[in-house]
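Student: Given the coordinates of chain E, assemble chain L onto it according to the supplied hints.
Residue strings, one per chain:
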Amino acid sequence: MAMAALRREGRRFAPLISPRPITAFRSSPLAPTREAEGPIGVRYISTQVVRNRMKSVKNIQKITKAMKMVAASKLRAIQTKAENSRGLWQPFTALLGDTPSVDVKKNVIVTVSSDKGLCGGINSTSVKISKALHKLNSGPENETKYVILGEKAKAQLVRDSKKDIELIITELQKNPLSYTQVSVLADDILKNVEFDALRIVFNKFHSVVSFLPTVSTVLSPEIVEREAEAGGKLGDLDSYEIEGGETKGEILQNLTEFQFSCVMFNSVLENACSEQGARMSAMDSSSRNAGDMLDRLTLTYNRTRQASITTELIEIISGASALEG
Amino acid sequence: MFRQASRLLARTTTATTWRRSRAFSTDLPATPTEDSTFIESWKKVIPNMDPPKTPSSFMTPRPATPSSIPSKITVNFVLPYASELSTKEVDMVIVPATTGQMGVLPGHVPTIAELKPGILSVHEGNDVTKYFLSSGFAFIHANSVADIIAVEAVPLDCVDPALVQKGLAEFTQRLGTATSDLEKAEAQIGVDVHSALNSALTG
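Read top to bottom, the protein sequences are chains E and L.
With the working numbering, letter number 47 in the first sequence gets 48, and the count goes up by one each step, no holes.
With the working numbering, letter number 68 in the second sequence gets 322, and the count goes up by one each step, no holes.
The shape of chain E in the complex, shown without the other chains:
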């Protein structure tokens, strides 16, 4: 019993315990191997390995719990912003309709993803959908390009679609997200990329555990005019009178640019919310997993400890009975 206690105290008493060749005393409990040979060849089992593992698993559990709390607080902050920005894209969809199946020559897929990892599968989902859209819109005269926001999508798309990538933007969330920042970004994209249709792929925040991959389509002014003439969803666009500006084309140009920046703003906010929510659930399952692992290790530790005590007792008793004869 006392020896077991001494063993538990471990290193502190190590220099005091010197191996005694006469009795069946254990050698220094610092031996790192599971089965160590003492000075007279006595065997004992070390619990050091298990104890080290338990300590590291406990640390991991603490870290993941802290990360979950941080993600929860960040989510709360950004959730109100995202909720408030939801009214922004609705007027545009009410006016110009939602045409994801439009057939155009120059498609640009804007993939919104996060910079940091440990957020579950949302970035992989966005990349899968982007690649699928690429496949869907491929045709004899069609070309599809990527504009990537965020490190994680960049890492995945650079591997096989490097020649199709037009623009990569990272470190979006260094400063808190604001409309000014996103509109500058949208301006950048509109200036540098030729497009007939922009398809923005992001994860819409439905609830803390559910994120819906979504595709928003923004058409260029020429395509809007083409679709309006063709009829269908944009058919009654011609019935709208245009106030201001010289020509209808000019107004449509401004309208498209404004629509893109509004839709981008909403999608970036929603994706940020989804990222924090996904990180919360990933870290939660990770800490639960660590807890399970810790339970199993504790059982192993106790078993090992009890086994060594039993072995010790057996050896002492058999030694004593051997002496008695």
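Quick caveat, the hints were computed from the structure, so don't treat them as lab data.
By construction, the Cβ of each residue, glycine as well, lies at the ideal position given by its N, Cα and C atoms.
Keep in mind that a hint or two might mislead.
[As the list claims (entries may be wrong)] The following label-pair restraints were derived from C-beta to C-beta distances:
1. E:Met-70 - L:Glu-440: 24 to 34 Å
2. E:Ala-78 - L:Pro-409: 41 to 51 Å
3. L:Ala-423 - E:Ser-139: 55 to 65 Å
4. E:Arg-160 - L:Gln-355: 49 to 59 Å
5. E:Ser-211 - L:His-377: 41 to 51 Å
6. L:Val-408 - E:Ser-139: 26 to 36 Å
7. L:Leu-455 - E:Ile-64: 53 to 63 Å
[Unchecked claim] Far from chain L, by Cβ distances over 10 Å, these chain E residues were calculated:
8. Asp-116
9. Asn-143
10. Asp-161
11. Glu-195
12. Tyr-302
13. Arg-304
14. Ala-308
15. Ile-310
Tutor: Just chain L, lined up with the frame of chain E:
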């Protein structure tokens, strides 16, 4: 220590379960108005993955065009950081279009109007609420729904006249001393906005 840990755990799980059961109040459940051609063409090319959602499944449905002119106009006034007015029934709205102040009554012809910095006034009976808009767009639909989207808006009583005068003077001076095109354009924008603010306050 373990009692505290279990209490913390219970608190976090109850918090998360509460959040889980409460979906967004501004989100309607996905209405079946989805783009069927998109879904079909998706399923043909990529049969293993679920098609992504599109904005039409998250839209709050719009009222149909009535046969007779309704008595009130429904206004949605949105800003990037808030929805100021959402489906508010009013008598008249006056928007600052680039061609001048435009009054919108129920039954107005469908219009797309680009807005310049100016006052938006919302008339409801005898109440008039005035906002100063930076710029944006206004859509008036055939079903007497007006969507006004502005980048920035403030209620007129929150504007400080002294600061407006100071800003106007500063930007006029900057316009005079501007050298590059960019500086001239920025100074011109400042002058436009401040003079519009000025006339809004005095007019």
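Student: Does each hint fit the structure? Answer for all of them.
Tutor: Hints, one by one, checked against the model:
1. E:Met-70 - L:Glu-440: 24 to 34 Å: violated (43 Å)
2. E:Ala-78 - L:Pro-409: 41 to 51 Å: Because 25 Å falls outside the window, the suggested range is violated.
3. L:Ala-423 - E:Ser-139: 55 to 65 Å: This hint holds: roughly 58 Å between Cβ atoms.
4. E:Arg-160 - L:Gln-355: 49 to 59 Å: holds (56 Å)
5. E:Ser-211 - L:His-377: 41 to 51 Å: For Ser-211 of chain E and His-377 of chain L the Cβ distance comes to about 42 Å; the hint holds.
6. L:Val-408 - E:Ser-139: 26 to 36 Å: Violated - the Cβ-Cβ distance for Val-408 of chain L and Ser-139 of chain E, about 48 Å, lies outside 26 to 36 Å.
7. L:Leu-455 - E:Ile-64: 53 to 63 Å: This hint holds: roughly 56 Å between Cβ atoms.
8. Asp-116: Given a closest Cβ separation of 22 Å, the condition holds.
9. Asn-143: holds (13 Å)
10. Asp-161: For Asp-161 of chain E, whose nearest Cβ neighbour in chain L is about 16 Å away, the distance exceeds 10 Å, so it holds.
11. Glu-195: Holds, because the least Cβ-Cβ distance between Glu-195 of chain E and chain L comes to about 23 Å, which exceeds 10 Å.
12. Tyr-302: Tyr-302 of chain E clear of chain L: closest Cβ-Cβ about 17 Å, beyond 10 Å.
13. Arg-304: holds (21 Å)
14. Ala-308: Its Cβ never comes within 10 Å of chain L, the nearest being 26 Å, so this holds.
15. Ile-310: holds (25 Å)
Hints 1, 2 and 6, counting from the list given before, are not met by this structure.
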